[in-house]
Amino acid sequence: MSKILVIIISLIAVTRAVLKECKEKIDISDGQYLPNGDIEFDGVIYENGDYFYNKSAKTAFACPKLVVRKCCPFGYGRDGSYCVNVTDDFDMAVWDDYRVIKGAKGREMFRFKMQKMNCTPPYVSVMVSMLGETDWSDNWHLKSDGKLFVELPTSIPPWTVLSPDKYCIDTFLYEDEDGNTKSRLDALACFEDENPEDNFIVRSSCMLISCVFIIATVAVYAWLPELRNMHGRVLMAYLLCLFCGFICMASLQIMLTVDNITPNTCLVLTIIIYYFLESAFFWLNVMSFDIWWTFSGKGGMGMSKVSKRFCIYSLYAFGVPTILTIILTSLEFSGLQPHPLLPLLRYQGCFIHGRSKLLYLYGPMFILFVANIVFFVMTAMKIADIKQQTAVLNSKESAMHDHHRKDKQRLLLYVKLFTVMGINWILEVISALYPGADFFWMFTDAYNLLIGVTIFIIFVCKRKIFQLIKKRFVPETKGKHSRSDVIGQEFSYRTTIPIRMYKNNQTQKSSMETIKTVFDDDNATDEIKNTKL
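Numbering (mature numbering (1 follows the signal peptide of the UniProt record, and there is no 0)) for the sequence shown: -17 to -1, 1 to 516.
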């Protein structure tokens, strides 16, 4: 007797635990009690164990089942625009994110409600199977959350997910090539009546225009010798990576527009785009680190030479993305069963989408995003500390003041660039989280156009750059000295006289005192050298 009570209590506890998972409960007490213990309520069968029955109150409660639309009443199917009698059993398999749920059937998991599709403009009614590579394609399946997954081979991403109010499922009659009437399960769905190719054209055009300004900025910095310092080299490396990523992405979208791309080409371009976009963000991280390194005064340890430092930066900014790309590719071809943590590039089509995009692309970018903020904050704190501790910075004629002023200007440029790319990163993440939000896609497309233009304005449209360009076209004549030469002579004169005076009075001063002389370095690695006399 005690064992029976334990079993009953256990069953009640399990049933209550199941019901606790429901946000809402429905009273199915007025339903039809079937001999096998199931209850049929409002056209839905609740199996024994899926509901809780209170014998004392004679009431039954169950979790409400998701409602999925059926185009025609039960026992009927769709023939053209009419509902006709059919003898086929109406049921279908149910999927999780990537595979069929073993033993799950649609009639058991969902409540099918007869309701015709009334698509309101700009949506039109479309047979889902007609959107595949061939007519009557098996390009859809019903998910456990009641949503319909539809494959769209010519779109980016090559699939869409429809909510239950956007489709209805039923048995559809059709004639085969021999004129015989056949039936099959299909879905009638509401799709927006617009040409997706228009979106590809707009996005690719914005990226190509942006690429023109990006490569123009690189050309200016490569052409002017004065700009080929550490700052210029890092900037050019960053812009070239960004240019390669944008040009490949624009090419991908153009090929999709003209329907001239193979799955293998799509996969290769996806991997290339991934590598260059990651490299671009790592070079942005190098910029943040380099400006912090400059102000921190840690120029030793063999890092003071520009060429060696740039090689180390290149090893980091190109090496880590290479490792990430190898990991991405290895997981893609690992042969593992589909899983949310895998890239699934071939499953998702061209480029990365959904969870894979958040994990493999935006994940590393977010870490770099936070690291850049840390470097900028540390640099700003160092600048404030220098202002307080170094009185010589207050002098407008101080060479050290001029040196730090240039570094602060460079920091400001980096902050502007970081802001530009940070906004782009945020918009991309929002677009990935809400793929149906057309407003964000329009915003992102417009911003992609502004990226190249903004970078060109920040780094090229400056008086100093214009003067350097003018100097290249109009060389200075011999015998005339530029303003920089005069300043150099004045600086030499100002530092020589105090040294001579110091030598004349060295008997009155300690031999351990030093005089600091500042040497300007075009490579942004200025050093303060101590000369012991």
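Simulated from the structure, these hints should not be mistaken for laboratory data.
Don't take every hint at face value.
Claimed, not checked - With a Cα cut of at most 25 Å, we get these calculated PhoX-like pairs of lysine-lysine:
#, residue 1, residue 2
1, 165, 8
2, 288, 165
3, 445, 399
4, 99, 48
5, 149, 99
6, 126, 88
Unchecked claim - Restraint ranges, calculated between C-beta atoms of paired labels, are given here:
#, residue 1, residue 2, range
7, 207, 319, 26 to 32 Å
8, 248, 306, 23 to 29 Å
9, 58, 158, 19 to 25 Å
10, 206, 368, 24 to 30 Å
11, 368, 144, 37 to 43 Å
For clarity, every value in this text was computed on a predicted model and none was experimentally measured.
All residues carry an ideal CB built from backbone N, CA and C; glycine is no exception.
These are the hints, each one checked on the structure:
1. 165 with 8: violated, 41 Å
2. 288 with 165: Between residue 288 and residue 165 the Cα gap is close to 77 Å, so the pair fails against 25 Å, i.e. violated.
3. 445 with 399: holds, 14 Å
4. 99 with 48: The hint holds at about 20 Å.
5. 149 with 99: holds, 11 Å
6. 126 with 88: holds, 11 Å
7. 207 with 319: 26 to 32 Å: violated, 51 Å
8. 248 with 306: 23 to 29 Å: Check passed, 25 Å falls within 23 to 29 Å.
9. 58 with 158: 19 to 25 Å: At 22 Å between Cβs, range holds.
10. 206 with 368: 24 to 30 Å: violated, 38 Å
11. 368 with 144: 37 to 43 Å: Cβ of residue 368 to Cβ of residue 144: about 53 Å, so the range 37 to 43 Å is violated.
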